[in-house]
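Enquirer: Guided by the hints, dock chain B onto chain A, whose structure is given.
Number of protein chains: 2
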Amino acid sequence: MKPIIRINGLPQEHISVTDRALHYGDGLFETIAILDYVVIDQATHFTRLQRGAKRLGILLPPHFLAKIALDIEDILKELSEPKAVLKIIVSRGSGGRGYAPPVAAHIQRIVMLYAWPDYPLEYYQQGIDVHICQTYLASPSILAGIKHLNRLEHILARQEWQNPAIAEGLMCNKQGQIIEATMSNVFWIKNNILYTPDLHACGVKGIMRDRILTLAAEYQIEVEIGEFLLQVMLAADAAFVCNSVIGIWPIRCIGQHSYNMIAHKIITSLAKMINNKRLP
Amino acid sequence: MKPIIRINGLPQEHISVTDRALHYGDGLFETIAILDYVVIDQATHFTRLQRGAKRLGILLPPHFLAKIALDIEDILKELSEPKAVLKIIVSRGSGGRGYAPPVAAHIQRIVMLYAWPDYPLEYYQQGIDVHICQTYLASPSILAGIKHLNRLEHILARQEWQNPAIAEGLMCNKQGQIIEATMSNVFWIKNNILYTPDLHACGVKGIMRDRILTLAAEYQIEVEIGEFLLQVMLAADAAFVCNSVIGIWPIRCIGQHSYNMIAHKIITSLAKMINNKRLP
Numbered sequence: 007m008k009p010i011i012r013i014n015g016l017p018q019e020h021i022s023v024t025d026r027a028l029h030y031g032d033g034l035f036e037t038i039a040i041l042d043y044v045v046i047d048q049a050t051h052f053t054r055l056q057r058g059a060k061r062l063g064i065l066l067p068p069h070f071l072a073k074i075a076l077d078i079e080d081i082l083k084e085l086s087e088p089k090a091v092l093k094i095i096v097s098r099g100s101g102g103r104g105y106a107p108p109v110a111a112h113i114q115r116i117v118m119l120y121a122w123p124d125y126p127l128e129y130y131q132q133g134i135d136v137h138i139c140q141t142y143l144a145s146p147s148i149l150a151g152i153k154h155l156n157r158l159e160h161i162l163a164r165q166e167w168q169n170p171a172i173a174e175g176l177m178c179n180k181q182g183q184i185i186e187a188t189m190s191n192v193f194w195i196k197n198n199i200l201y202t203p204d205l206h207a208c209g210v211k212g213i214m215r216d217r218i219l220t221l222a223a224e225y226q227i228e229v230e231i232g233e234f235l236l237q238v239m240l241a242a243d244a245a246f247v248c249n250s251v252i253g254i255w256p257i258r259c260i261g262q263h264s265y266n267m268i269a270h271k272i273i274t275s276l277a278k279m280i281n282n283k284r285l286p
Numbered sequence: 007m008k009p010i011i012r013i014n015g016l017p018q019e020h021i022s023v024t025d026r027a028l029h030y031g032d033g034l035f036e037t038i039a040i041l042d043y044v045v046i047d048q049a050t051h052f053t054r055l056q057r058g059a060k061r062l063g064i065l066l067p068p069h070f071l072a073k074i075a076l077d078i079e080d081i082l083k084e085l086s087e088p089k090a091v092l093k094i095i096v097s098r099g100s101g102g103r104g105y106a107p108p109v110a111a112h113i114q115r116i117v118m119l120y121a122w123p124d125y126p127l128e129y130y131q132q133g134i135d136v137h138i139c140q141t142y143l144a145s146p147s148i149l150a151g152i153k154h155l156n157r158l159e160h161i162l163a164r165q166e167w168q169n170p171a172i173a174e175g176l177m178c179n180k181q182g183q184i185i186e187a188t189m190s191n192v193f194w195i196k197n198n199i200l201y202t203p204d205l206h207a208c209g210v211k212g213i214m215r216d217r218i219l220t221l222a223a224e225y226q227i228e229v230e231i232g233e234f235l236l237q238v239m240l241a242a243d244a245a246f247v248c249n250s251v252i253g254i255w256p257i258r259c260i261g262q263h264s265y266n267m268i269a270h271k272i273i274t275s276l277a278k279m280i281n282n283k284r285l286p
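Protein sequences, first through last, are from chains A and B. Residue numbering for the first sequence follows the working numbering, starting at 7 and increasing by one per position. Residue numbering for the second sequence follows the working numbering, starting at 7 and increasing by one per position.
Honestly, the hints are just simulated from the structure, not real lab data. Quick reminder that beta carbons are idealized off the backbone N, C-alpha and C, glycines included. Incorrect hints may have been included.
Said to hold, decoys possible - Quick look at which bits of chain B chain A covers, simulated, 3 or more residues with Cβ under 8 Å:
id: 1; region: 9–19
id: 2; region: 145–151
id: 3; region: 230–241
Next comes chain A alone, as it looks inside the complex (with noise of 0.2 Å):
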């Protein structure tokens, strides 16, 4: 099924080729969950579009993300069943041969609703099956938790395998420390301590992830945020991937490594909260 798409407020299907988000992938994105014809986290999404901005040195006029609430309510009328995906893609604009922004930017606002994806029930009861990339993530990276439109590395981490079995795959910097997956973050446990890697030298911060850790401060769950081996993340409890869309999936296995309490407390607990009415 196409996209229902609205390129600066207005229904299009088509950019101009010298867009720099086509040319250098001069942008940022989100990817946000619509529940029971509800837009989840929006706010948030939005502050996390602003910070990126910020860091990109996209200046963002006057009204921009207002105009982006607009977007989304118009888009939201031809919504036909409550469970969607949004995605907004906020591009530089067109420009010229060169890296130097144009002076004048026309920063370009991008709205576009998906069918939700149907995701297989055991993926949030019996756990998932997870990959182990070869494909490292770069790092120290100046672009360390933003959302932008640079890509490759999770590209070609998610090519790394085909079969339908496997949801996910765990990608490492080059030393192996575990950093996130190719389309979520990763948490374990382990003696009910919480672990999930810092990202402050790559990697995206999930808006999840944050939603997760603030649940565990509520909850007074302890966390641990760190540089860890994945070995570290394999010798856990039990372990779990989280993002906007899916909410939790817990872990069944990674590579040859399987893990024993798919149903741990900790992940119950926080997926009655998240899952509900991401559930097929």
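Expert: Same frame as chain A, now just chain B:
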């Protein structure tokens, strides 16, 4: 002046907003000089494009490069000046949401003809002033060497200076090892030995860099390719940047450091072979 454009052989100015080059930077590019109405080193650029496509797992359909060659022939009919710049973009094409490339991807070819950039004659004769960028290149990177569409690091680096007297910016990795400049490769000379950074861990392997290395071998100039701290380049007798469009620009100063031998004999003899038709 707007570029003249062919998209998949047709004169068009827009591409689908579902194109993966826009969403992820999922593609490659080449920038080629046209001098005296002749496309320079087309075969070499095509070879790099092919190598890059292989690295990214982009399966070029049969006769794809031959079709680009025809696009170039066609677009050159509109050439009104002896000098111009060709840009080729190869994109994986449209896809749905998610990093996995579509099984039957429709690889897109975009050929753009730009006016020749009129760089000042002084750049060639008196050398250029170079900024030292704070923006570092993430390294090691799985994308090292190829000319892909993920160029945010270079855009951030290029935004570090607005002073029009500065023509280029040097980029290092986090360890302070010199890699390249924002749009060019770098060389320097010390005691008649020609030095250039090894690009196995990051950076773009320029066609002009290769040509200079070949010329150096022919003319029995001793060459060292390796990992060097920026300080090593600053302590050189002379230095220059190069790319397929500009040819060779000697460096007059890097930050506060000036070189005494802008007209070093090795630079002068290389420039004689390369810059001739490029001069304003």
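Enquirer: Next step is simple, just say for each hint if it's right about the structure.
Expert: Evaluation of the provided hints:
Counting residues of the region 9–19 of chain B whose C-beta sits closer than 8 Å to any C-beta of chain A gives 5, which meets the bar of three, so the coverage hint holds. A stretch counts as covered by a chain when three or more of its residues have a beta carbon under 8 Å from one of that chain; for the region 145–151 of chain B and chain A the count is 5, and the coverage holds. Note: the region 230–241 of chain B has 0 residues with beta-carbon separation from chain A under 8 Å; the three-residue rule is not met and the coverage is violated.
Violated hint for the displayed structure: number 3, the only one.
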